[in-house]
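A.B. asks: Chains as they are written, first to last, in our numbering: chain A, 252 to 462; chain B, 252 to 462.
Just so you know, these hints were derived from the structure itself, not from any lab. One thing to keep in mind: the hints can contain errors.
Pairs of lysine to aspartate or glutamate, EDC-like flavour, derived with a Cα cap of 20 Å [as the list claims (entries may be wrong)]:
#1 A:Lys279 - B:Asp432
#2 B:Lys279 - A:Asp412
#3 A:Lys283 - A:Glu320
There are 2 protein chains.
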Amino acid sequence: MPVQGKVSVPVIKRLPKYYRYLSEMKQKGLTKVSSSELARMMGTTASQVRQDFNCFGGFGQQGIGYNVEVLLYELGHLLFREEPLDAILIGTGRLGTAISSYLTNDARGYRLVAAFDIRPDQVGRQLFGVCIQHVSNLRAFCQQHHPQVAVLCVPKSSAKDLAPTLVDMGIRGFWNFSHYDLSVAYPNVVVENVHLGDSLMSLSYQVNHLG
Amino acid sequence: MPVQGKVSVPVIKRLPKYYRYLSEMKQKGLTKVSSSELARMMGTTASQVRQDFNCFGGFGQQGIGYNVEVLLYELGHLLFREEPLDAILIGTGRLGTAISSYLTNDARGYRLVAAFDIRPDQVGRQLFGVCIQHVSNLRAFCQQHHPQVAVLCVPKSSAKDLAPTLVDMGIRGFWNFSHYDLSVAYPNVVVENVHLGDSLMSLSYQVNHLG
Chain A
252 MPVQGKVSVP
262 VIKRLPKYYR
272 YLSEMKQKGL
282 TKVSSSELAR
292 MMGTTASQVR
302 QDFNCFGGFG
312 QQGIGYNVEV
322 LLYELGHLLF
332 REEPLDAILI
342 GTGRLGTAIS
352 SYLTNDARGY
362 RLVAAFDIRP
372 DQVGRQLFGV
382 CIQHVSNLRA
392 FCQQHHPQVA
402 VLCVPKSSAK
412 DLAPTLVDMG
422 IRGFWNFSHY
432 DLSVAYPNVV
442 VENVHLGDSL
452 MSLSYQVNHL
462 G
Chain B
252 MPVQGKVSVP
262 VIKRLPKYYR
272 YLSEMKQKGL
282 TKVSSSELAR
292 MMGTTASQVR
302 QDFNCFGGFG
312 QQGIGYNVEV
322 LLYELGHLLF
332 REEPLDAILI
342 GTGRLGTAIS
352 SYLTNDARGY
362 RLVAAFDIRP
372 DQVGRQLFGV
382 CIQHVSNLRA
392 FCQQHHPQVA
402 VLCVPKSSAK
412 DLAPTLVDMG
422 IRGFWNFSHY
432 DLSVAYPNVV
442 VENVHLGDSL
452 MSLSYQVNHL
462 G
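Using the sequences and the hints, build the whole thing.
C.D. replies: What follows is the structure, given as structure tokens:
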């Protein structure tokens, strides 16, 4: 499947949604879907769907609709590699634990290979098959095992302190739950921010100002 | 503080970030900030900052910069009410537990007043000061206590099944970790989606296709 040049971020952000809807269709036994049916589910237009898919070579013949299974296979091939990405967790508090449970048990495409914390009561504890290490082992671990993804569940200041080491040690993608804005300092790494606090504040604003 | 008509979603989404940056400035003892300094931190333009603030009456006099403490107070007043919003949690698994810990201990403006699950091993357990109830009590609880916000940490199908009851019972805001797209069926409620799975898929795509 040829990727046509650089795909824009909005298109990339829609790929998981396509993948989810198509997985549901396959589960329901549907075999064909048109761009307008997909558009309706996605809350977009048929033309947008076709444009999105054209970034990857088109996925089908115009006029006869898409084959659900083929489309799902192609999208899966774009989103995931055969080998999962090796991920490390930094910060093993309640949020870090929940997040790595999600990554380990519910998500596809990742393998948790190590977890780090600074607190003595965390170090040595088992977490989803890995033993929590002290953060002072981070550099040595990365040098030896070359993980590709770091999950940051630490406060902003710790994230800022650790970022140079992580980037230097070859981490290419960050799943960032901290408030440290990594993409400003490191424009060449991939950052997915999940800002729970911002999300709650914006919810609160909107509920408080409902007409 | 007069809110000038309907404020657009992108502006609302930036308010928490302003609030966070200003809180840090206050902690550092800074008392004044210009729109261009704020813009630099936010990764936007000074004109955008002034436009954003103009939606709420301006927050200060042009040319002399903003008073950090006043600005923080005004933004806090917009984002939060004196009385926290009463929130209920649906789904008390690992993610639901982590999320309600965050809501209870780390976030401002919310009070967890009840938690619901369907699993017998969850019902009756204590969670941050509330006793987990069976989901069959949901309607009665809402009728009596009128919570405003629901946190959905359940699968898509359960979210879809429960949504009519929740909206009918007066829930006005959803913090939605499920993949059920509430805002399509209920355009008049406020929904903040946190799609962990989509975020991981888009991270994986980007790491796998790094140049």
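A.B. asks: Checking each numbered hint in turn, tell me which of them this model violates, lowest number first.
C.D. replies: Violated hints: none; all satisfied.
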